[in-house]
Amino acid sequence: SQTIHQWPATLVQPVGSPLSLECTVEGTSNPNLYWYRQAAGRGLQLLFYSIGIDQISSEVPQNLSASRPQDRQFILSSKKLLLSDSGFYLCAWSVKLAGQETQYFGPGTRLLVL
Amino acid sequence: AQSVAQPEDQVNVAEGNPLTVKCTYSVSGNPYLFWYVQYPNRGLQFLLKYITGDNLVKGSYGFEAEFNKSQTSFHLKKPSALVSDSALYFCAVRVYNNNDMRFGAGTRLTVKP
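If you read the sequences in order, they're chains A and B.
According to our numbering, the stretch in the first sequence is residues 1 to 114, in order.
According to our numbering, the stretch in the second sequence is residues 115 to 227, in order.
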């Protein structure tokens, strides 16, 4: 069966510091991978998605970047965090089914920027 | 472009009563519709989806949803609510060959004993 991992679970970082959040998927090959941000326990905002290694699409301009150095690894980064980067970050994966696929979410990382 | 609306921020029901969480959508083309549930400080869990076929879709934990094309709705329902159903519920929509899944703002369901 497939599993998705995210770490760390919680992170407190000062403004201006760098960020690296990691997401890995097990039990599947060549998945689509996604990064979302959820603010204040409400709606999800799609940040990045990836259909393959080194293939990243950005949905919104922002202070963040994403990389996919391996098939089942998706990393969310920032060189300098802003206060507004605080939130709950969710990684998700799906198989490729022309839009019909279900996305499965990781447990999330709660980021607090002070 | 596709979008989803969940018109209710909060839904309160008594345990044992039926529950409905509303969702309407707007897409160009045939929609793929999803419901997810989120418990506190957790990721989203998939409940059910509509792709094609029977308009009534049955999912996890006794939930079901009805696709209504004329009303562009996909309301989530359960005949008898449990206190443990209390959570945040998200509706989402996508269209063919589109990686962009749009989520609604979420509806907080509270089931009181």
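There's no promise every hint is true.
Stated by the list, open to error - The calculated lysine to aspartate or glutamate pairs, modelled on EDC-like cross-linking and capped at a C-alpha distance of 16 Å, are:
| no. | chain 1 | residue 1 | chain 2 | residue 2 |
| --- | --- | --- | --- | --- |
| 1 | B | 226 | B | 199 |
| 2 | B | 136 | B | 122 |
| 3 | B | 163 | B | 180 |
| 4 | B | 191 | B | 214 |
| 5 | B | 163 | A | 26 |
| 6 | A | 96 | B | 214 |
Hints in this document: simulated from the structure, not taken from any laboratory.
Here is how each hint holds up against the structure:
1. Between residue 226/B and residue 199/B, the direct Cα distance comes to roughly 10 Å. Compliance with the 16 Å bound is thereby established for this hinted pair.
2. Proposed proximity of residue 136/B and residue 122/B is supported: the alpha carbons are some 7 Å apart, at most 16 Å.
3. Restraint check: the Cα-Cα separation between residue 163/B and residue 180/B comes to about 10 Å, which is no more than 16 Å; the hinted pair holds.
4. In summary, the hint linking residue 191/B to residue 214/B is not supported, as the alpha carbons are separated by about 26 Å, beyond the 16 Å threshold.
5. A C-alpha spacing of about 23 Å is found between residue 163/B and residue 26/A, which places the hinted pair above 16 Å, so the restraint is violated.
6. With a C-alpha separation of about 13 Å, the suggested pair residue 96/A and residue 214/B falls inside the 16 Å cut-off, and the hint holds.
The structure does not agree with the numbered hints 4 and 5 stated previously, though it agrees with the rest.
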